[in-house]
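Construct the entire structure; sequences and hints are all you get.
Note that the protein sequences, when read in sequence, are chains A and B.
Take the first sequence: its letters are residues 1 to 214, numbered as in my numbering.
Take the second sequence: its letters are residues 215 to 518, numbered as in my numbering.
Source of the hints: derived by calculation from the structure; they are not laboratory data.
Even for Gly, the Cβ is constructed at its ideal location relative to N, Cα and C.
Computed Cβ-Cβ distance ranges for the label pairs, DEER-style:
id, chain 1, residue 1, chain 2, residue 2, range
1, A, Ala160, B, Gly416, 39 to 47 Å
2, A, Glu145, B, Gln351, 40 to 48 Å
3, B, Gln486, A, Asp22, 39 to 47 Å
4, B, Glu410, A, Gly45, 53 to 61 Å
5, B, Thr489, A, Gln30, 55 to 63 Å
6, B, Phe345, A, Asp188, 23 to 31 Å
7, A, Arg112, B, Pro307, 33 to 41 Å
8, A, Ser18, B, Thr259, 36 to 44 Å
9, A, Val130, B, Arg320, 36 to 44 Å
10, B, Lys495, A, Ser113, 54 to 62 Å
11, A, Ala160, B, Asn353, 26 to 34 Å
12, B, Gly403, A, Leu107, 44 to 52 Å
13, A, Gly128, B, Arg320, 33 to 41 Å
14, A, Ser113, B, Lys287, 29 to 37 Å
Here are some chain A residues the structure puts well away from chain B; computed CB gaps all over 10 Å:
id, residue
15, Arg43
16, Thr73
17, Leu84
18, Gly131
19, Ser148
20, Arg149
21, Pro163
22, Gln204
Selected chain A positions facing chain B (in silico; Cβ < 8 Å):
id, residue
23, Glu20
24, Leu21
25, Thr28
26, Arg115
27, Val116
28, Gly117
29, Gln118
30, Ile137
31, Ser139
32, Ala140
33, Leu141
34, Asn172
35, Ala173
36, Ala174
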Amino acid sequence: MEKTIDVNQNVYGRFALSAELDEQVAATLQRVLRSLVQVQNGRRGAGAGIIWKSDGVILTNSHVVGKGQLKVTLSDGSQHRGSLLERSSDLDLALVKVDASRLPTALIADSRSLRVGQIALAVGHPWGQVGFVTAGIISALGTAETRSRKEVPYIRLDAALAPGNSGGPLVNAAGGVIGINTMIIGGDQGVAIPSHLAAAFVDQVASSANVQVV
Amino acid sequence: MTLSVERNMYILLSDALADAVEKAAASTVSVVARPRLPSSGIAVTADLVLTADHAIEYEEDIRILLPDGSESKASLAGRDPGSDLALLHLDHPSLVPAEYFSEEARVGQLVLALGRPTSEGIQASQGVLSFIGGPIQTNRGSMLNRFYRSDAIPYPGFSGGPLVDSSARVIGINTTGFSSGVPIAIPAGFAWQVAESLHLHGRIRRGFLGIRSQPVEIPTAVQNLLGRTQASGLMLVNVEPGSPADRSGLMLGDIITGLNGSTIVDHDSLLQNLTGDVVGKAVSVEILRAGTKQVLTVTIREQR
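Laid out in structure tokens, this is it:
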């Protein structure tokens, strides 16, 4: 049975919470959880990452990659050796390649039209809990200065993140990735680099001559 | 199941939350009246801003950052440290007044805390109304009949900003200015009353009796004199010479059991009944003295 919803009315104020809402939240997370990976660099615990392209291109944090050998665990449990394609310490992003194909990719949303107050869900492996979901709202859209004095825009979630969330996605209510969580700005505050910057980073890597990303 | 984007309740909820933030943000300003971290404020009229008193560290050169990014100078219209509220007057009326909800909020209802601590735009956090407390005597020497607590994150600079409901109506003003920085919200109905008094008089009037007292038990046999069950009253341990209490004939050892028709059982109930409303008025004071009930008349003065 389909329900009609008057968009002009306030959802929280006028509608009884229903199982339908629960189902929709779960459905929202399905695709991103399939594309969620664990990235281990041989030293510390695991960070998170998402499958950006189905041929094995994975996006994670630069600080998650570190300097060691990379081991990537996919959501189906399979483990792969990863090689670093490119990294940006300013954006705290890194692209990693695993030798696999037809992988489930994440849905990437446009992060240029975000609004404070929108629901956002951080997905990652805080304290080693694989595929852990932290919900909140976008609490601020700001800019921070990196160590190399570059201004970088960020999205702040009104929930605390923990080690293991790094490199994981921040998704909107439609399940689209709006940011990549990082902990290099603001301690345990849930801060993410907007996905449009991540997309630009991937495109830049793809267009450079000596690296091939399809 | 299929995800129909138009009918997805979760997306509607997300948009509704962003709409509420956007609406409330139009009346939420940044208040620059202390070094380093600005605080927040709420537009109550086109040229008046209600904010947290403790964040006003200098009274000259107060600046307001408006939601549209422009800046305005403001002067102090009045401040009430007791309730941690202050009212600012803008040179040019250009604000969008906030809508407020003066009835009591409900524990469990969805709330959003808003603040504008930087020029980078509105900030918000979401939670539920966790607790309704009060009356409490604050460390600022006043009574707060009611206060709200929520689990929404109080980011730095959120003091003076609104706590709103899902329809963007202000239900309280956030502050960490009370005891040991615990984040609470001052209920909007009360805050708007304070704003009105500050606008009219520049201050909040409180009644003054001129006594020091301590709560004491009233034995059951003595309670019969009162004709009601009342287990405690306030015994006078000092009466200031020339004070309203002294002039009314109140004496050391008297036990105050009622004022102006209300029962007085402790300091809190006395403070609650010594509001600005009774200043200058002759009101009845019910006492127990030497095993008898007496009723005197006291003319309340304004506390200075």
